[in-house]
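Engineer: The residues making up each chain are set out below.
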Amino acid sequence: MSDDLLAGNAAARAAILGRVRRALGVVGEDAARHANAERYVAEHRAGPRPAMPADLGERFAQRAREMASTVERLASRDQIPHAVARYVDNLVVPASLAEQKTRTGVCWPEFADLDWAGAGLAIEPRPTQGHDRLGITGCFCALAETGTLVFTSGADTPTGTMLLPDTHIAVVRADRVVSGMEEGFALVRAERGHDWPRAINHVSGPSRTGDIEQTIVLGAHGPYRVHILLLG
Amino acid sequence: MRVGLLVTCLVDLMRPRVGFAALELLERAGATVVVPPAQTCCGQPAYNSGDRADAASLARKLVDEFDDCDYVVAPSGSCSGMLRTHYADVLRDDPAYAERAKALAARTYELTQFLVDVLKMRADAVPGTFAGTIAYHDCCAGLREMGVKAQPRALLAGVDGLAVKEMAEPETCCGFGGTFSIKFGEISSRLADNKCQHIVTAGVDAVVMGDVGCMLNVEGRLRRRGDTVRVLHVAEVLAGDGKAR
Amino acid sequence: MQVASIHFKERAHEKLNDAQLQKNLVKFKGKFVEARRRALTELDDADATRDYARDLRQRGLDALDVWLEMFERNATARGATVLWAETPADINRLVLEIASRHGAHKVIKSKSMVSEESALDHALEGAGHTVVETDLGEYILQINDYEPPSHIIGPALHKSKEEVSELFARKHGTPRKDDIEALCLEARHVLREHYLTADIGISGGNFFVAETGSVVLVTNEGNATLATTLPKVHIAISGIEKVVPTLEDIATLMRLLPRSATGQSISNYVDVLTGVKGDGEFHGAEHMYFIVVDSGRTSVLASDVKEALRCIRCGACMNHCPVYQNVGGHSYGWVYPGPIGSILTPMYVGLENAPDLPQASTLCNQCGIVCPVRIPLPDLQRKLREKEFEGGMRPWHERAGLKLWSWFAQRPALYGWASRIGVRHLHRLGGARGMIRKLPLGFGAGWTDERDMPAPAGRTFRELYKEAAARNGALR
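Protein sequence lines correspond, in order, to chains A, B and C. So the number in my numbering is just where the residue sits in the first sequence, counting from 1, plus 15. So the number in my numbering is just where the residue sits in the second sequence, counting from 1, plus 2. So the number in my numbering is just where the residue sits in the third sequence, counting from 1, plus 957.
Some hints could be false.
Result set (DMTMM-like, lysine to aspartate or glutamate): computed pairs, CA atoms no more than 20 Å apart in a straight line [to be verified]:
| id | chain 1 | residue 1 | chain 2 | residue 2 |
| --- | --- | --- | --- | --- |
| 1 | B | Lys185 | C | Glu967 |
| 2 | C | Lys984 | A | Glu228 |
| 3 | C | Lys1423 | B | Asp195 |
| 4 | C | Lys980 | B | Glu188 |
| 5 | B | Lys185 | C | Glu1355 |
| 6 | C | Lys986 | B | Asp195 |
| 7 | C | Lys984 | B | Glu171 |
| 8 | C | Lys1189 | C | Asp1156 |
| 9 | C | Lys986 | A | Glu228 |
| 10 | C | Lys986 | C | Asp1004 |
| 11 | C | Lys1263 | C | Asp1336 |
| 12 | C | Lys984 | C | Asp1136 |
For the chain C half of the interface with chain A, some residues (derived, Cβ under 8 Å), not all of them [unchecked claim]:
| id | residue |
| --- | --- |
| 13 | Leu1148 |
| 14 | Pro1202 |
| 15 | Asp1236 |
| 16 | His1240 |
| 17 | Gly1388 |
What follows is a set of in silico ranges between Cβ atoms, one per label pair, in the way DEER data are often shown [stated by the list, open to error]:
| id | chain 1 | residue 1 | chain 2 | residue 2 | range |
| --- | --- | --- | --- | --- | --- |
| 18 | A | Arg48 | C | Asp1135 | 56 to 64 Å |
| 19 | B | Lys104 | C | Ala1357 | 29 to 37 Å |
| 20 | A | Ala29 | C | Asp1008 | 32 to 40 Å |
To be clear, the hints were calculated from the coordinates, so they are not data collected in a lab. Because the structure is a prediction, the values reported are computed rather than measured. Glycine is no exception: its CB is placed at the ideal position from the N, C-alpha and C atoms.
Let the hints inform the model, and build the full structure from the sequences given.
Structural biologist: Below you can see the structure in the form of structure tokens.
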């Protein structure tokens, strides 16, 4: 579709790369430089990083709270609907945001089988168009170092569910909590290497802004609140 | 041990007593001090203004003058920093001087740094007395090029009668910046004014620092504001001619 | 964006005397500094991490052509189109071509400093498109008739909440809000509808990843995530120097970027976006374009200030700069203010158009000390000063003064004679207070407008030492 754009762009490409090579003093094709680059990439060398405690789940929960998420530990998957109902019922919102306290929402298909109705909730397993107020997702993995949720996009993991609703509830399996970003990327390579995701979204707490007088306000564009159900 | 005293042009022209104080402190701490008589300027104004040629000429002159010294010591973080961190660059294209410049840089010290780190002067050996409270301002080059922070405070603790009080933002630039103070007088004055505000708020009798350039800037602004806080060089306080009122 | 850097001094004068701005700057000052200091202590070895980050950025630059080609190859393999822009005008032309190809009308943008360089919003509006900035700070500036940003991560930090409140009431036609939360909520409602109806999302790019052909976007608001998830077309625009070899390198940089910027351990949203959406995927761009921009970068790469290209745009240098803290970002007159701007602006728009910027620094090196990738900013400022001096771009009296000083300083006898006369004269001018209220020479006036000049003691160290030594008979 963009062939003519590309064709018209070939000269700019050649000019820029030519200037880069001149600036670097590179003459001719240099196979060794490309080989060095490939070797460096294959190494996946990690830089210095802070030590992590043995209990990654606890560290994750602690850092997630520091990033203004809330965390509840659950023993098993079938407790999720009641945990969600409890969370929503206990939510305290100002009168101006009263509509955010709702028992209606959407979830990722992996949770379609749960007994939502039994907990008094109306949760539909579909992507959101942007007007749902409660979104329930799983996650690809989570990072202990920073209390971060990692999402990889795909047919069964629609990005909007964690992004558009006012309230985002994420289910994290404790065995999917890894140390840091390096381990997260390694897991993506291992499990999605053949089908690399369009988006790897790292989310650490609710959307926030400090753009007016450096005063932090939650719910800038995305969720006002992120609640994490840590399973197992 | 033969210590060459780099007097610095600002001490020579503006505050000669700082040079004598430095001399006394070094001798008291056991150094044999020489003062190369033809020394003038280390070349920093030229270097910082982009005039490499003149900076190099002055650097060569200084390297020649201090070549036979075991150490070069200056009552200035800025001038010692010029030698320590920039002479290698200034003379990088001069094969006759490049290596000598590096060697000189390695044996160059700021005064209090030399007293504490090399001569191991202890606080109880400091001769000065001062009845009053002072705040110490960390001049930029001394702090960030030379690593001078604890040394002056350690020695000031040994001055009889003197109490040190930390002001707010002691590490923030006073706005001097050499020729910057003239080229951008208005901005420079504002930075100096901020510094003065912190000094006055600290409620001290004197502000003490290690560079005459910064002293002139701070004192000039304090006086224009009508403030009477004294501005002293750390050497004169340590040597005892800081004369408390 | 129009270059107004030639007016640095006049603008700084204006800003120093703008009472409201000075109040806002005082509020701004310090918060980021303290937060950064604390956040870096969370890294077991922040210094080693910064050394590593410096090296990995340099590794990227040292083989920039190789990494760019690898990036292009991998991005293309995943369905994206990589376009190259030599000039700011090229950026705008390419974006307009893409927009017309997709019949797009509404464009939403997350923050892109490169698009500020090319004034992309004006080009889009000129061609009849609706453009909406979504970063709250950028949005505030946009609806204030495109006021220029004053800070690279907090573009509207020079404004008070009262000013924003007045602006929103005027532009949105809503009642005045008196608290910041209400203002943010109002902006959220306005912007949410734009996200849902936009045809194109334009983002900058904090980094490009060679290994995967991805762009990395970092925000707290999540606006870049929304702007690149909802519209059918995503265009990511950034400089060629932003390419980083691997995802592991991104992990290291993400330990430093938010900590250096706002003092956060991590930014709330870090997106690694690669190619177009997959089969059955509900959200995500169907068409993805990268515009990789030269626009002066290759000339920096060929220069002796090339370390500036390591910059990861955290803003720590400006947050810590005493000059920036007092004159504010607008004084610098172009996209990048503060210490990094004093290098990039003259390099991108011409030294002759920004001659004051490399000079407007005390060389205090607070910036160099805090830079997460260890760019030696004062050294680079000095190198640009050398170019100005060699190119005869400094005023004659400055050159004359320096030359005269150096001439005397190289002639010790003459220097001794002249300095003896000089200090006596100035000592007399100082009078009983020992303070000179007005310096006699034209080029000293900058000092005494708002400061006294403490007078010299009256005799030089050299003459006093000579006398003392003669007395002691110990002159070397």
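Engineer: So, for every hint listed, does it hold in this structure?
Structural biologist: How the hints compare with the structure:
1. B/Lys185 - C/Glu967: holds (13 Å)
2. C/Lys984 - A/Glu228: The given pair, whose Cα atoms are some 7 Å apart, holds under the 20 Å limit.
3. C/Lys1423 - B/Asp195: violated (38 Å)
4. C/Lys980 - B/Glu188: Satisfied, since the Cα-Cα distance of roughly 18 Å is no more than 20 Å.
5. B/Lys185 - C/Glu1355: holds (9 Å)
6. C/Lys986 - B/Asp195: Answer holds: lysine 986 of chain C to aspartate 195 of chain B is near 16 Å, not above 20 Å.
7. C/Lys984 - B/Glu171: Since the Cα atoms of lysine 984 of chain C and glutamate 171 of chain B sit roughly 16 Å apart, the hinted pair holds (cutoff 20 Å).
8. C/Lys1189 - C/Asp1156: holds (6 Å)
9. C/Lys986 - A/Glu228: Judged against 20 Å, a Cα distance of about 11 Å means the pair holds.
10. C/Lys986 - C/Asp1004: violated (24 Å)
11. C/Lys1263 - C/Asp1336: holds (12 Å)
12. C/Lys984 - C/Asp1136: At roughly 16 Å apart (the allowed maximum being 20 Å), aspartate 1136 of chain C and lysine 984 of chain C satisfy the hint.
13. Leu1148: holds (6 Å)
14. Pro1202: Holds, about 6 Å.
15. Asp1236: Because about 6 Å separates aspartate 1236 of chain C from the closest Cβ in chain A, which is inside the 8 Å limit, the hint holds.
16. His1240: holds (4 Å)
17. Gly1388: Because about 47 Å separates glycine 1388 of chain C from the closest Cβ in chain A, which is outside the 8 Å limit, the hint is violated.
18. A/Arg48 - C/Asp1135: 56 to 64 Å: Roughly 60 Å apart at Cβ, these two residues keep to the hinted range, so it holds.
19. B/Lys104 - C/Ala1357: 29 to 37 Å: holds (33 Å)
20. A/Ala29 - C/Asp1008: 32 to 40 Å: holds (36 Å)
Violation of the numbered hints given earlier is confined to hints 3, 10 and 17; the remaining hints are satisfied by the structure.
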